[in-house]
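Sequences listed follow chains A and B, in order. Quick note, the first sequence lines up with residues 1 to 578 if you use this note's numbering. Quick note, the second sequence lines up with residues 1 to 578 if you use this note's numbering.
Treat the hints as calculated values from the structure; they're not laboratory data. For clarity, every value in this text was computed on a predicted model and none was experimentally measured. We put the CB at the ideal spot given by N, CA and C, even for glycine. Hints are not guaranteed to be accurate.
[As the list claims (entries may be wrong)] One-sided excerpt, in silico: chain B residues whose CB lies under 7 Å from chain A:
hint: 1; residue: His64
hint: 2; residue: Lys73
hint: 3; residue: Ser77
hint: 4; residue: Asp230
hint: 5; residue: Ile237
hint: 6; residue: Ser243
hint: 7; residue: Gly329
hint: 8; residue: Ile362
hint: 9; residue: Gln475
hint: 10; residue: Ile490
hint: 11; residue: Glu494
hint: 12; residue: Leu497
Number of protein chains: 2
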Amino acid sequence: MSAAGSLSLAPVSQPHVLTIAGSDSGGGAGIQADLKTIAALGGYGSSVITALTAQNTLGVQGVHHVPADFVIKQLDSLFSDDLRPDAIKFGMLAQADTISALAKFFAELGDAKPFLVLDPVMVSTSGHTLLPDSATRALVDELLPLVSLATPNIPEAVVIASSKGEALQQPKTLDDLVALAAALRERTKVPSVLLKGGHLSLPRKDVTATAKARGLSVHWDASGEINEDDGVDVEVISDWLVSEGLAAASPDVIVDILVDAAGTRLFVGTKVESSSTHGTGCTLSAALASSYALETRRNGKAAATISTEAVGQAIEYTQGAIAAAFPLGRGHGPLNHSYLQSQRTIPQPSAHNPTPFISYLIRSCPDMWRQYVRHPFVDQIGKGTLPLPAFKHYIVQDYHYLRHYARAHGLGAYKSTDMESIKAFAEIALHIAAESTMHVAMCEKFGVTPEELHSAPESAASAAYSRFILDIGTQGDVLDLYVAVASCLIGYGEVGLWLQRRLQTGQATLENNPYARWISDYSGGEYIGAVRRGISNLERRIAADPPTPARLARLTGIWQEVVRLERDFWQMGLDQSW
Amino acid sequence: MSAAGSLSLAPVSQPHVLTIAGSDSGGGAGIQADLKTIAALGGYGSSVITALTAQNTLGVQGVHHVPADFVIKQLDSLFSDDLRPDAIKFGMLAQADTISALAKFFAELGDAKPFLVLDPVMVSTSGHTLLPDSATRALVDELLPLVSLATPNIPEAVVIASSKGEALQQPKTLDDLVALAAALRERTKVPSVLLKGGHLSLPRKDVTATAKARGLSVHWDASGEINEDDGVDVEVISDWLVSEGLAAASPDVIVDILVDAAGTRLFVGTKVESSSTHGTGCTLSAALASSYALETRRNGKAAATISTEAVGQAIEYTQGAIAAAFPLGRGHGPLNHSYLQSQRTIPQPSAHNPTPFISYLIRSCPDMWRQYVRHPFVDQIGKGTLPLPAFKHYIVQDYHYLRHYARAHGLGAYKSTDMESIKAFAEIALHIAAESTMHVAMCEKFGVTPEELHSAPESAASAAYSRFILDIGTQGDVLDLYVAVASCLIGYGEVGLWLQRRLQTGQATLENNPYARWISDYSGGEYIGAVRRGISNLERRIAADPPTPARLARLTGIWQEVVRLERDFWQMGLDQSW
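Modelling step: build the complete structure from the supplied sequences, incorporating the hints.
Put into structure tokens, the structure is as follows:
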């Protein structure tokens, strides 16, 4: 437990990824798919729109072109020293003059130009031409030379490469594909080419054999079921699939090929069988720009080329988004872009809410919390009116409780994984031992001998509370235990500070108050220091690994139970009950 | 552990929320903010664009209007029985003819019209008029009567209400605000009005007093620090804030007012001090449409009005997104829309990857896994060539191991929270006891007496493995323990099935093989049935509560360690080492 000050309240920033593309009113492709992808991967997305489409899962019903000068106007707004992106993807650019204007804009940026990913949206999956000839020429001759990474599908690669030299045929084998990717890179001089092989299913065994024979590095897609591609037959998974009535992985695979200065790499995976593939190309290129930008942020510097890992991540994200898609519309539905998103229940601490976890816990049971920390027992302690037998009964039981509470911290030390936490638990155990000594002294003052103290039986309220903490600590992990011990630590601090405030307003007194020592101890610097450290520690742990909704529900349940047991502990003192 | 078949592979669907608004090239407002909000809250977003803006954090540099007929064309694509949304929000509608066309479109839908939220983007935070007069008239007279919920800010509410009757003044008190909201609803007949009070800071104490005096229900915003508004003074949090050098919550609050047929409710919270507020109104109205749609999905039916809870969720999300914003641009920066998003590391099981967790674990250490399940020891068992002393040494140690392995399942029963899991652990403990009996019989056959078996010391490899499992089980929670015991369960199944396959190809034999019984046992129906249930159980637990990245790292570490210890256990047998 380091100093309380080390809980960070600084917001976490995100890299900025811009998409320059068309709008899909249906939300499945274009800038809509791009913005969803960028957000899902952890980036901040902005968009320059080149054309609007009226579109659904069945097709495109209308297109409204945005004038080239307004496309540039949108870009100007971003680049006017305000929202300069870390990476850009180009999608549907629609018209020759738009493409020329964009090429001019980025050429003028010179070395200040961000990492540019171009998805040359020219030929659709079904073979339809999506760009007029003049636009294709502008794309290939003007824009392509400026980009860092191009992501053509097979028909696009054939068109582009053929336009720059001898006409190439549609590839039929892996060797053809590798040759096409290499020719494209050579002829266009684009630093990195990712040739998307989705149009060509290849037998898994042929791919493995060719890759081996040619010494090509192969990255198997980890979004699908594990199989022999991962370097080990998994009989037990195949058996399980059969037992569940599920098909084994297809014998055919899809190969994407990355060629850059470092060589050729194959990204191989089984095809996801799905009709939810609308926007796949948009998603992949947005994911590539995002994973590049995120890697740049992690590394603290921008690389000239995209890494193999970033490409692998983008491909896996896209495959996973197809696999997780739910049916929508009557035609080719959208991907599920948020399939890797889970809801965070406790936000990062911020200046607006620096203790979001403890605030959440207290808000989960405000009435019970108030009954605990504003109990008549502590009110009477503050006024000095609490009957002495009630306090005696309480302090004897609390002495027993403290022994088990100290044991819980021993258990916490056992459950810790780092020496810092072990030390913190051991220190608290020592504090509790000192607190216990104070109890012995107090008891003697109130006429309870150490022998009477030791031999007194435990009341139900005391045993129920201390054993609940120990059981949670044994059953759960160290975080469960932290929450189980927090109500006692924090609640006594709350009582101490509250009584301190009441002293100032005359609602409590230390004069002639037999419990003055008790009040001073729990509002004193040493105890309150421990409370402050406890609060910071708990918030820091939660911020470092925010609980899932299920986990938070369990932690909240533990909190509510220990708050209730604390309240009942005061009541036991007041009633002198067993 | 119920039947293996109950692991669901069905994708989880999302409600569809449409935004009809302008595009903000900077990504912070307009449809960009809306799409980010819808995705963050768990919806599927689509967008009909009414205007493009060239915009950044400093202002709007240009506007390109989309013709009204193309706005309707976009809507037609969605409503042509393909992508009909569950809720719609209207943002910047820009022009009178667009507004009239939209009003006509939705009026013609009649009862088939979805839940409509209107953010009347007419007057900016700074008081600038954003809509021409003709458009304002169309908005108020034609579109407003069709919507389910309107979300004006104070200046907009004054303009709209005044246009429908006696001119109203700018409100100065909570009473004024409540009266304005009520007048607006009465005069426009909009079923629900959410009046956004962001323009008017009010003293916290006045709000509390007025609400009490008028009997208004108050919902305190839980996105900020807990304070006396939550019904309890929290001295301990105030003390902690001071100790951290942080300011206490502002004495002023912001009040949003919801008025509908059920009455008036106040949503009160402290203002987030931030310049990152660009797109706040867009975000709130998109969040309202999303939380309505999500609630509809949860309840299985569409309510006529939005619930208090859904409004509270939308306000808290928006406040939290401002609080979590990081600096971007030189002016009013965007909100952080993904502040509640955390990265899910293991996707939901799908047909593409039905066992994502176990596939992930095995992929995390394929070499070690291969060394374990294809160890020379088991190869020699399959061929019957393993030296008898090696097998004897192994089986004696495995007998010891099984005792602790059974204890680990007893610990699992202790750590379980439901009777079903306790039963499952107890059943496995019984299976292990039976397996152990088989070991005794095997030992006797190989000339090891029960006495020798019991009194044999434990080898280091055996003790290291079994005690590692018990320690993980004691230190962590039940999921840690499930992973710690999984390598033994699943790996022995893998070995059994692999040897079974080798029997078929002649690479293993049962004839004259002294270990035939061992092979049959671990590839037999009873054992493999347990393996299948174990796989389903683990995947189901992970799917129900997907681990955070930190949690997954811990689980992966446990897995890799038990795989290594299993490999070393075979090696210990082969080497007859201690």
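Does Ser243 of chain B meet its interface restraint, that is, does its C-beta lie within less than 7 Å of any C-beta in chain A?
Ser243 of chain B check passes; min Cβ-Cβ to chain A is 5 Å, inside 7 Å.
Please verify that hint: Lys73 of chain B, Cβ, nearest Cβ of chain A, below 7 Å or not.
With Cβ-Cβ at 4 Å, under 7 Å, it holds.
Does the CB of Ile362 of chain B sit less than 7 Å away from some CB of chain A?
5 Å, holds
Minimum beta-carbon distance criterion (7 Å), Ser77 of chain B to chain A:
4 Å, holds
May I ask you to test the interface hint for Asp230 of chain B with respect to chain A, counting a Cβ-Cβ separation under 7 Å as satisfied?
Since chain A brings a Cβ to about 6 Å from Asp230 of chain B, closer than 7 Å, the hint holds.
Is the hint on His64 of chain B kept, meaning its closest Cβ partner in chain A is under 7 Å away?
5 Å, holds
Can you verify the interface hint for Gly329 of chain B: is its Cβ closer than 7 Å to any Cβ in chain A?
Holds. Min distance 5 Å.
Does the closest beta carbon of chain A sit nearer than 7 Å to the beta carbon of Glu494 of chain B?
With a minimum Cβ separation of about 4 Å from chain A (threshold 7 Å), the hint on Glu494 of chain B holds.
Holds or violated: Gln475 of chain B as interface residue toward chain A, Cβ cutoff 7 Å?
5 Å, holds
Given hint Leu497 of chain B near chain A, where the shortest CB pair must fall under 7 Å:
For Leu497 of chain B, the interface hint holds, since the closest Cβ of chain A sits about 4 Å away, which is under 7 Å.
Should the interface hint for Ile237 of chain B be scored as holding, given a Cβ-Cβ cut-off of 7 Å against chain A?
6 Å, holds
Chain A contact restraint on Ile490 of chain B - CB to CB distance below 7 Å:
6 Å, holds
Every hint from the earlier list agrees with this structure, and none is contradicted.
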